[in-house]
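A.B. asks: Single-letter residue listing:
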Amino acid sequence: MGADISPLVISLWLINVLVDSGGQLAFKAAATQTPSTATGMDHWRFMLARPWIWIGGACYVIEFVAWLAFLSLVPLSDGVLLGSINIVAIMVAGRILFKEKLAPMRVMGIVLVSIGVAVVGLKG
Amino acid sequence: MKRFYLVGFLVLMAFDTLAQLSFKKAGDAALPLEFSPSWLWRVFAQPWIYGALIGYIGAFFTWMHLLRRAPVGPAFAASHLEIISVLVLSHYLFQENIGMPQMLGCVFIVAGIACLALSEAQDHGATEAVDTPADGTAGANAAAR
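Line by line, the protein sequences are chains A and B. If you're matching positions, the first sequence starts at 0 in numbering that gives the first Met the number 0 and goes up one per residue. If you're matching positions, the second sequence starts at 0 in numbering that gives the first Met the number 0 and goes up one per residue.
Since the hints were derived computationally from the structure, they do not count as laboratory data. Each hint should be verified, as a subset may be incorrect.
[Claimed, not checked] DEER-style ranges, computed between Cβ atoms:
1) B:40 <-> A:101: 46 to 52 Å
2) A:7 <-> B:32: 19 to 25 Å
3) A:94 <-> B:46: 27 to 33 Å
4) A:39 <-> B:49: 22 to 28 Å
5) B:31 <-> A:101: 30 to 36 Å
Nothing here was measured: the structure is a model prediction, and the numbers come from that model. Even glycine gets a Cβ: it sits at the ideal position worked out from N, Cα and C.
Construct the complete structure from the given sequences, taking the supplied hints into account.
C.D. replies: Below you can see the structure in the form of structure tokens.
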């Protein structure tokens, strides 16, 4: 991120990783809370009545503001790099909170996508 | 299961791509950018912003549907497939330059998603071999984790 890393930039970056991960995990919790018997509209109705989905939505609103503020301080390519770190953060959080398996091939896939996203953000 | 992921992620990619391209079109059509009600009026007065809205809503429902079965870690990584379609279409629609890093990045993303698909197939195959429940749901759930 060059020489202009200020405490504000670091704080906005941390907020972004936290709320992006928090939002995704809340959505995962909302999606899996529904009883498997609930299908179609019943499934959505049940899900929209859970707090998790609204917590996820709130995370997205905070993220939107934090992301805008972050991008106003750093170049877009650095912002894209941040997006790649979120992928790894969500992988780790999924492992801890949802006991998701981290088979070597799966970890390799996630790491490759993260590198890919970071590389796309590099200036051509 | 294979079809669920294939169709799910392709639909997600289509909605995400529609949203991103529509945002760009809507932003361009509403230029010059200014923080005033007249800019907002210009944005909402032309059709592209509704494409973005449809894209966002469609992507949200598709993502929630995918998350019901897919583990969030690998699924979130795979949802970045949209970067490739947006890059390719922005080249054709907006004459944007795709440089070496972008191409290399796309190769990494495709390789990563191929690994995720392979891991999912291995996992699913192994679970089926170990236990084949009568209704098939336990195996599918185990494979999803």
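A.B. asks: Each hint needs a verdict: does it hold in this structure or not?
C.D. replies: We went through each hint and held it up to the structure:
1. The hint said 46 to 52 Å for the Cβ distance between residue 40 of chain B and residue 101 of chain A, and at roughly 49 Å that hint holds.
2. Judged by the Cβ atoms, the range 19 to 25 Å given for residue 7 of chain A and residue 32 of chain B holds: they are separated by roughly 24 Å.
3. One distance hint, 27 to 33 Å for the beta-carbon pair residue 94 of chain A and residue 46 of chain B, is violated here, with the actual separation near 43 Å.
4. Distance hint for residue 39 of chain A and residue 49 of chain B: a CB-CB separation of about 26 Å, consistent with the stated range 22 to 28 Å.
5. Separated by about 48 Å at the C-beta atoms, residue 31 of chain B and residue 101 of chain A break the suggested range of 30 to 36 Å.
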